[in-house]
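Colleague: Single-letter residue listing:
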Amino acid sequence: MGAIGQALSLIVGGDAALGEIVALSLQVSGIALFFATVVGIPLGALMGLTRFAGRRLVIALLYTGMGFPPVVVGLFVYLMLSRSGPLGGLHSSLVPPLFTPAAMILAQTIISFPLVAGFTMAAVMGLDPQLREQIRALGADRWQTTWTLLHEARVGVIVSVIDGFGSIISEVGAVMLVGGNIEHRTRVLTTAIVLETRKGNFDLAVALGVILLGLSFLANLAMLRLQGKAFD
Amino acid sequence: MAEPIYELRGVTKVYDGKTVLDLDELRVEPGEVLALVGPSGAGKSTLLRLLNFLEPPSSGRIRFQGRDFAPGDEVPLALRRRVTTVFQRSILLNRGVWDNVRFGLTLRGKRDSVEEVESALEQVGLGDLRQRRARTLSGGEQQRVALARALVLHPDVLLLDEPTANLDPYNVGLIEGVVRRLHSEEGTTIVVVTHNVFQAKRLAHRVGLILEGRLVEMADTESFFEAPRDPRTRSFVRGEMVY
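Protein chains in written order, with numbering that gives the first Met the number 0: chain X, 0 to 231; chain S, 0 to 242.
Simulated from the structure, these hints should not be mistaken for laboratory data.
Ideal Cβ placement from N, Cα and C applies to all residues, glycine included.
Hints may contain errors.
[As the list claims (entries may be wrong)] Computed spacing ranges between beta-carbons, pair by pair:
| # | chain 1 | residue 1 | chain 2 | residue 2 | range |
| --- | --- | --- | --- | --- | --- |
| 1 | S | 167 | X | 225 | 37 to 45 Å |
| 2 | X | 14 | S | 114 | 55 to 63 Å |
| 3 | X | 83 | S | 54 | 50 to 58 Å |
| 4 | S | 131 | X | 85 | 54 to 62 Å |
| 5 | S | 169 | X | 37 | 47 to 55 Å |
| 6 | S | 14 | X | 154 | 31 to 39 Å |
| 7 | X | 37 | S | 165 | 38 to 46 Å |
| 8 | X | 52 | S | 165 | 37 to 45 Å |
| 9 | X | 70 | S | 109 | 51 to 59 Å |
| 10 | X | 150 | S | 88 | 16 to 24 Å |
| 11 | X | 225 | S | 114 | 44 to 52 Å |
| 12 | X | 50 | S | 153 | 30 to 38 Å |
| 13 | S | 114 | X | 18 | 52 to 60 Å |
| 14 | S | 39 | X | 86 | 54 to 62 Å |
[Said to hold, decoys possible] Which stretches of chain X does chain S cover? Using the computed rule of at least three CB atoms under 8 Å from a CB of chain S, they are:
| # | region |
| --- | --- |
| 15 | 125-133 |
| 16 | 137-149 |
[Claimed, not checked] A few chain S residues facing chain X, derived, Cβ under 8 Å:
| # | residue |
| --- | --- |
| 17 | 76 |
| 18 | 78 |
| 19 | 79 |
| 20 | 84 |
| 21 | 86 |
| 22 | 89 |
| 23 | 102 |
| 24 | 106 |
Given the sequences, and given the hints that come with them, work out the whole structure.
Modeller: Set out below in structure tokens:
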């Protein structure tokens, strides 16, 4: 109970360092989730609703991406962004430098968009195949049809976003590699937990873990609220 | 004679190398009730999909309201929206009854549609169930919602694909009554596909028999049933096997 008590006192006490870490965690994972959703839902809908040459290959890649170890994604992004890497070597302002929140966002976007796309695809493909035809027969154009099908599959689509969020807010390998766990700059909840555990501050580490769980729970609750009665 | 609302010439539909529909000619007159009968798998539903422009024919031409469409021609949305279908197994949206009926109007950007939705629901006798979630309704009620979501659009052509198969007599009677009223009050052209010859007899002005993707015979209802020209029609209306 010491840990939970400490967690509560940290939260209630408005610990500045903790606030910073929580804010950065939410910021990095939130922005990454935004990009993952913007890319993943249309991609999932496309994969689920159309047939084109190479579709199976893309699906195989997507499934691989869904199970990709975050630390490997981190390594990949690290190599890409490092000064001697193909992207880092461009010295472009569009390429985020290593050990910045932007690099962490990039890595987490790569981790989460296959999950969003894959589960969205599965949700859309799980709809009755005749539904699409009936929606079109009522006069829907292509976009209206796609939108309506996504709306009908909304429970699955929401789950895809929730899962995408869960995969990155709790992820440590990639943010550690490309972020570097730099105090006041790139330290997030998961990397802070690793650090505090290594330092032997178990109570603080557990407290951070409790906060992470709580945040995750609140975020999911908020997303369910967005959908209102979808789960009835 | 007025120009037909549909005129099909040399229309075929091929799936995976198999010809499921092969029609030399088919005309649908404006304001008529045309029934297409035939065993399942004869190509009747495929024909309705072509008439609703849900997919293009493999070859041939479909003339609709004075405009010709060949395979690959884009059918303008506004024209496609003059037609709708009630399917054998209607799949309602996972929303309330009211939103299901309003759906087609929403697609057309009509927001102020309370009276139209109300009237369509009343016509199918579901005024009391407007608040219910559509998927909690019985099969007959769901099919009536499907009819209401078509009625509310006031289409020029209503296509019915076995609309009352697997329904109890009460719902069959109710749905047929609504279709009849739609035809007499709004002059809607109706094409109904059915394997039930009695339904064809009750509803249609003209009846056509489709077998193996081909139109065997098309005649006004009385001569189709009383004096069929083709021996296959004769055995079909008598309820005998045709093959």
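Colleague: Are the hints correct? Go through all of them and say.
Modeller: Status of each hint after checking the structure:
1. For the pair residue 167 of chain S and residue 225 of chain X, the supplied restraint of 37 to 45 Å holds, since their beta-carbon distance comes to about 41 Å.
2. At roughly 60 Å, the beta-carbon separation of residue 14 of chain X and residue 114 of chain S lies within the given 55 to 63 Å, and the hint holds.
3. Residue 83 of chain X and residue 54 of chain S have their C-beta atoms about 54 Å apart, which keeps the hinted 50 to 58 Å range intact.
4. Between residue 131 of chain S and residue 85 of chain X, the C-beta spacing of about 58 Å keeps the proposed range 54 to 62 Å intact.
5. A C-beta distance of roughly 50 Å is found between residue 169 of chain S and residue 37 of chain X, which places it inside the suggested range of 47 to 55 Å.
6. One distance hint, 31 to 39 Å for the beta-carbon pair residue 14 of chain S and residue 154 of chain X, holds here, with the actual separation near 33 Å.
7. Range check, residue 37 of chain X to residue 165 of chain S: Cβ separation about 44 Å, and the 38 to 46 Å hint holds.
8. Against the hinted window of 37 to 45 Å, the Cβ-Cβ separation of residue 52 of chain X and residue 165 of chain S comes to about 40 Å, which satisfies the hint.
9. Taking 51 to 59 Å as the suggested C-beta distance range, the pair residue 70 of chain X and residue 109 of chain S conforms, at roughly 53 Å.
10. Residue 150 of chain X and residue 88 of chain S have their C-beta atoms about 21 Å apart, which keeps the hinted 16 to 24 Å range intact.
11. The supplied range of 44 to 52 Å is broken by residue 225 of chain X and residue 114 of chain S, whose beta-carbon atoms lie about 32 Å from each other.
12. Checking the proposed 30 to 38 Å range against residue 50 of chain X and residue 153 of chain S shows it holds: the Cβ atoms sit about 35 Å from each other.
13. Distance hint check for residue 114 of chain S and residue 18 of chain X: the Cβ-Cβ separation is about 55 Å, which falls inside the suggested range of 52 to 60 Å.
14. The beta-carbon spacing between residue 39 of chain S and residue 86 of chain X, approximately 59 Å, falls within the hinted interval of 54 to 62 Å.
15. As drawn, the region 125-133 of chain X meets chain S at 5 residues by the rule of a beta-carbon pair under 8 Å; at three or more, the given contact holds.
16. Closer than 8 Å: that is the beta-carbon criterion, and the region 137-149 of chain X has 6 residues meeting it against chain S, so the requirement of 3 holds.
17. Evaluation of the residue 76 of chain S hint against chain X yields a held restraint, the C-beta minimum of about 5 Å falling below 8 Å.
18. Contact between residue 78 of chain S and chain X, as hinted, is not supported at the beta carbon level, the nearest pair being about 10 Å apart and thus beyond 8 Å.
19. Annotation: interface hint on residue 79 of chain S holds; nearest CB of chain X at approximately 7 Å, less than 8 Å.
20. Interface restraint check for residue 84 of chain S: the shortest CB-CB distance to chain X comes to about 4 Å, inside 8 Å, so the restraint holds.
21. Checking residue 86 of chain S against chain X by beta carbon gives a least distance of about 6 Å; that is within 8 Å, so the hint holds.
22. At about 7 Å, the closest approach between the beta carbon of residue 89 of chain S and any beta carbon in chain X falls short of 8 Å, and the interface hint on this residue holds.
23. The criterion of a C-beta within 8 Å of any C-beta in chain X is met by residue 102 of chain S, whose closest approach is roughly 6 Å, and the hint holds.
24. This hint holds: residue 106 of chain S has a C-beta 5 Å from the nearest C-beta of chain X, less than the 8 Å allowed.
Going down the numbered hints, you'll see the structure goes against 11, 18, while the others check out.
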